[in-house]
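Asker: Listed here are the chains, written in short residue letters.
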Amino acid sequence: MAKAANIKTLKIDGRDVSARQNETILEVARENGIFIPTLCTLKGLSNVGACRLCLVEVKGTARLQPACVTRVEEAMEVTTNSERLQGYRRAILELLFTERNHVCAVCVSNGHCELQSLAQKLEITHVHFAYRYPEAEVDASHERFIVDHNRCILCTRCVRVCEEIEGAHTWDVMGRGIDAKVITDLNEPWGSSQTCTGCGKCVHVCPTGALSEKGKSVAEMLKRRQFLPYLTQMREEDRS
Amino acid sequence: MSPEELDQIAETERQAQLGFKHRVNVCVAAGCVSCQSEGVKQAIEKDVARRGMGADCEVKGVGCMGLCAQGPLVSTSAGVLYQKVAIEDAPAVVESLLAGPDPRLLCKTDVPFFQAQKKIVLENCGVIDPERIEDYIAAGGYTALMRALGELTAAQVIEEVTKSGLRGRGGAGYPTGLKWSTVSKAVGERKYVICNADEGDPGAFMDRSVLESDPHRVLEGMLIAAYAVGASEGYIYVRAEYPLAIKRLRIAIRHAERFGLLGNYISASRLSFHVDLRLGAGAFVCGEETALISSIEGKRGSPRPRPPYPAQEGLFGEPTLINNVETFANIAPIIRNGGEWYAQIGTEKSKGTKVFALAGSVTNTGLVEVPMGVTLRQIVYEMGGGPPEGRQFKAVQTGGPSGGCIPADFLDMPVDYENLAKVGSIMGSGGMIVMDETSCMVDVAKFFMDFCASESCGKCVPCRVGTYHMHRILDAITERTATAQDLAQLQELCDLLKNTSLCGLGQSAPNPVLSTLRYFESEYQAHIEQHVCPAGVCGKLEEALHG
Amino acid sequence: MGAVAVLELPKTPHPSDDKRWRLVDTTMRRLGNQQRGLIEALHTVQEAFGYLDVEALRYVASSLRVPLSRAYGVATFYHFFTLKPAGEHTCVVCMGTACYIKGALQLVSAMKQDLGVTPGQTTADGKVSLLTARCLGSCGLAPAVVYDHEVAGKVTPAALRDRLAKWNSHVS
Chain A
8 MAKAANIKTL
18 KIDGRDVSAR
28 QNETILEVAR
38 ENGIFIPTLC
48 TLKGLSNVGA
58 CRLCLVEVKG
68 TARLQPACVT
78 RVEEAMEVTT
88 NSERLQGYRR
98 AILELLFTER
108 NHVCAVCVSN
118 GHCELQSLAQ
128 KLEITHVHFA
138 YRYPEAEVDA
148 SHERFIVDHN
158 RCILCTRCVR
168 VCEEIEGAHT
178 WDVMGRGIDA
188 KVITDLNEPW
198 GSSQTCTGCG
208 KCVHVCPTGA
218 LSEKGKSVAE
228 MLKRRQFLPY
238 LTQMREEDRS
Chain B
6 MSPEELDQIA
16 ETERQAQLGF
26 KHRVNVCVAA
36 GCVSCQSEGV
46 KQAIEKDVAR
56 RGMGADCEVK
66 GVGCMGLCAQ
76 GPLVSTSAGV
86 LYQKVAIEDA
96 PAVVESLLAG
106 PDPRLLCKTD
116 VPFFQAQKKI
126 VLENCGVIDP
136 ERIEDYIAAG
146 GYTALMRALG
156 ELTAAQVIEE
166 VTKSGLRGRG
176 GAGYPTGLKW
186 STVSKAVGER
196 KYVICNADEG
206 DPGAFMDRSV
216 LESDPHRVLE
226 GMLIAAYAVG
236 ASEGYIYVRA
246 EYPLAIKRLR
256 IAIRHAERFG
266 LLGNYISASR
276 LSFHVDLRLG
286 AGAFVCGEET
296 ALISSIEGKR
306 GSPRPRPPYP
316 AQEGLFGEPT
326 LINNVETFAN
336 IAPIIRNGGE
346 WYAQIGTEKS
356 KGTKVFALAG
366 SVTNTGLVEV
376 PMGVTLRQIV
386 YEMGGGPPEG
396 RQFKAVQTGG
406 PSGGCIPADF
416 LDMPVDYENL
426 AKVGSIMGSG
436 GMIVMDETSC
446 MVDVAKFFMD
456 FCASESCGKC
466 VPCRVGTYHM
476 HRILDAITER
486 TATAQDLAQL
496 QELCDLLKNT
506 SLCGLGQSAP
516 NPVLSTLRYF
526 ESEYQAHIEQ
536 HVCPAGVCGK
546 LEEALHG
Chain C
161 MGAVAVLELP
171 KTPHPSDDKR
181 WRLVDTTMRR
191 LGNQQRGLIE
201 ALHTVQEAFG
211 YLDVEALRYV
221 ASSLRVPLSR
231 AYGVATFYHF
241 FTLKPAGEHT
251 CVVCMGTACY
261 IKGALQLVSA
271 MKQDLGVTPG
281 QTTADGKVSL
291 LTARCLGSCG
301 LAPAVVYDHE
311 VAGKVTPAAL
321 RDRLAKWNSH
331 VS
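Residue numbers (this note's numbering), protein chains in the order written: chain A, 8 to 247; chain B, 6 to 552; chain C, 161 to 332.
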């Protein structure tokens, strides 16, 4: 096939951009400095399209499309930031804030939290849905890490990095609906997990303060996820 | 098995049946079984034996005869139908074969409930023994498969299905021919055909009845589909809550294998097809195609974004055709009689018949199969007999948790996919629940929202958290503590879920709220402004579940 | 699925010498001892033992090489599976639409009044478990209840109470 056929041109927010075929709208937008909010997606991990923050309008399609999994098409016209989309994104973020107990002031990730920074970026000043205030547990049984379910947004990055990159599959999701929860092994204390390698990747991909390192004080918990694209690339080269 | 052998089996079976002077058919589908119809059958057999009529009279267990409310149902070769037959009535039933109909047990059949039906999907239900393949074959079973394999190319089969205008009976109404054509063109190492028998819609029991009454019909439809799209393996994903359907499907598969109708090189053609069952485990979301596939793969039934569609990347990553039970049950008659024959039935855009499960506040509860385009009034009043004496019709709910409540104003609307969508409901799988003045529409909306919240898989944020909040607000309204602001939030959430949820469950979860708000807004207002429940339902039994 | 060299792992020993584990083995073998057989295997465990406990999950997961957390995730995703043993008798009240509008809630209320159990609970003496079902498909017979394995239609609170009394009078 001719090389030219592998390049698509499209419009994002009125700008002409070009893309390699098989790229997603999100990838192309980011290459071009166009901001689309995301929480569940993370470069280097598979995409699940679960947080719904990256929904965009595609001309000629009635339904909103998740930018993280929608492939570009020739002559596509994408709108990433209409008022309608902004409204939905704020509502979705608000729902996340009501779901568990996100008290930024006392959170280890205060200042380094993706949920918090997105809320600031989208100018969420108050939450108009009622808070649930569920009783969520904190598991500090692991010698180096803590899982605080109060801060978990169920993005499943930890589940994916553990399965796809580390290959341990210590994490998964149990239950369903509002009762869903990330677990280690058979819903056992993390510290007694027989499968956890203690690699800490889950901690570093976690967008909030749900997974953190012990001994870090509030606002100290910086996440380092530079490792991820490299690891993914090496795995892929290994396979081919 | 060759077509000639099939004919021979049919002929032998028909001769054997002609050898009996009398026949008594006892319904042994789940509805009647739960009224002890198996005991009735045994009692009749015993009485026949006692009278020494064993050689003259065949006593047969058959599938659903439709009028479930009057079970156990028994029909005889004298052309009469008996209702509410008790074990003690067995001698009277047998006696009536010789002495003429027993008026005490008689169920009138010259009424619209039976007369207004057009049976295609249900043609064998209540007639054949679902546990004997020979009976199905004698009724013309598997001739459509033979015709497809012997006379038609795969492309011609798809053409017939396309011509028929058949649309998916699971809910959304996607054109079946188009789906088949897409899967047939998809490239893969192997292809799969899946029958979705995970009838999770509360208030729908059509698929269960078909599986219990005529399981081979579904297998034949799947076989024809497999031939058309080039599939070699099939799965029937059936609810674990339907033990009788599972048992009969297992028997049907075993018989079909023994007769060479499932297996390798069926009827010396290039079709090899194997079918296995997979049991659902109580997750409504598994009606969604990608969730169903994930469940067959042994995983959590969480949907994933589409595309890729299952037609391209489905089960184990291979091209997969998924249709529901009723869709497959329509296939054999379409191939037997031609797509044009089928397309003559129904309305312009909705062809054929639809089976509805009529329940709730209606005199004749049960299953009816009617041509598309009959009116709601015909179904609810003429066939169903309307609400019981003294009760007032309020709404009819179609489409389950993804559908809506339709008020009396639309009773004269012809039922088809488009019209139901226009009034804010959906065809869904065919549940039809009639409600009267004793039902509070806010309570009904809450009932469905409770369902959606507890069936949400939890993967996407709008559905996981949004259904929780919607249920909470509806709960507050029924408690009569909600404010106008709450109502505005409820509406905001309806819009959010509809437009941002990942799969059909979340996208359609607002429908019961939207439709009740549209037609019964005054009931919401009464709860909020006057703090009263006009139907007198709310607040009475709350403590039962939540207290 | 291409031909993948499967790591030869030692066979997982049965959690106990209960013969019912062989039924579970049969199901797993029938599905090629592959990960995809997880749900079917859990069905067999539940049918044989009445519920899924941690030992059973560990055994099935290990035999099928399914990660433990995934097995637990699957077992808790599907409402048909239960991780607690049921009472001697089970009473499943159908909460489908037709049953709901025909008074299923009154049946649940009667159970609560008489036995003090809400859906999902078992009486303190382990005699009766109250469960609810989403829809039994017996809508024509609403409201429907399943007593142990037998479906009963058009159930009234009085009929329900009769049955409960019968269960309670048989001391086993």
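Calculated directly from the structure, the hints in this document are not laboratory data. Cβ atoms here follow ideal geometry from the backbone N, Cα and C, with glycine treated the same way. One or more of the hints may lead you astray.
Stated by the list, open to error - Here are the simulated DSBU-like pairs of lysine-lysine, each with C-alpha atoms no more than 30 angstroms apart in a straight line:
{"hint": "1", "chain 1": "A", "residue 1": "K66", "chain 2": "A", "residue 2": "K221"}
{"hint": "2", "chain 1": "C", "residue 1": "K314", "chain 2": "B", "residue 2": "K65"}
{"hint": "3", "chain 1": "A", "residue 1": "K188", "chain 2": "A", "residue 2": "K50"}
{"hint": "4", "chain 1": "C", "residue 1": "K244", "chain 2": "B", "residue 2": "K304"}
{"hint": "5", "chain 1": "A", "residue 1": "K66", "chain 2": "B", "residue 2": "K427"}
{"hint": "6", "chain 1": "C", "residue 1": "K314", "chain 2": "B", "residue 2": "K51"}
{"hint": "7", "chain 1": "B", "residue 1": "K354", "chain 2": "B", "residue 2": "K168"}
{"hint": "8", "chain 1": "C", "residue 1": "K179", "chain 2": "B", "residue 2": "K252"}
{"hint": "9", "chain 1": "B", "residue 1": "K124", "chain 2": "C", "residue 2": "K179"}
Stated by the list, open to error - Which residues of chain B face chain A? A partial, calculated answer using Cβ under 7 angstroms:
{"hint": "10", "residue": "S461"}
{"hint": "11", "residue": "C465"}
{"hint": "12", "residue": "V470"}
Asker: It remains to establish, for every hint, whether it holds in the given structure.
Answerer: Here's how the hints hold up against the structure:
Proposed proximity of K66/A and K221/A is contradicted: the alpha carbons are some 48 angstroms apart, above 30 angstroms. This hinted pair checks out: K314/C and K65/B have alpha carbons roughly 26 angstroms apart, not beyond 30 angstroms. Between K188/A and K50/A the alpha-carbon distance is near 23 angstroms, which keeps this suggested pair within the 30 angstroms criterion. Annotation: proposed proximity of K244/C to K304/B holds, straight-line Cα distance about 21 angstroms (limit 30 angstroms).
For a cut-off of 30 angstroms, the pair hint linking K66/A to K427/B stands: about 24 angstroms separates their Cα positions. Annotation: proposed proximity of K314/C to K51/B holds, straight-line Cα distance about 29 angstroms (limit 30 angstroms). Distance restraint check for K354/B and K168/B: the Cα-Cα separation of roughly 12 angstroms lies within the 30 angstroms cut-off, and the hinted pair is therefore satisfied. The suggested pairing of K179/C with K252/B holds, with an alpha-carbon distance near 24 angstroms, which does not exceed 30 angstroms.
Among the hinted pairs, K124/B with K179/C is inconsistent with the structure: their alpha-carbon atoms are about 49 angstroms apart, more than 30 angstroms. With its C-beta approaching chain A no nearer than about 4 angstroms, S461/B sits inside the 7 angstroms limit, and its interface hint holds. For C465/B, the interface hint holds, the least distance from its beta-carbon to any beta-carbon of chain A being 5 angstroms, beneath 7 angstroms. Look at V470/B: its Cβ gets to within about 4 angstroms of chain A, closer than 7 angstroms, so that hint holds up.
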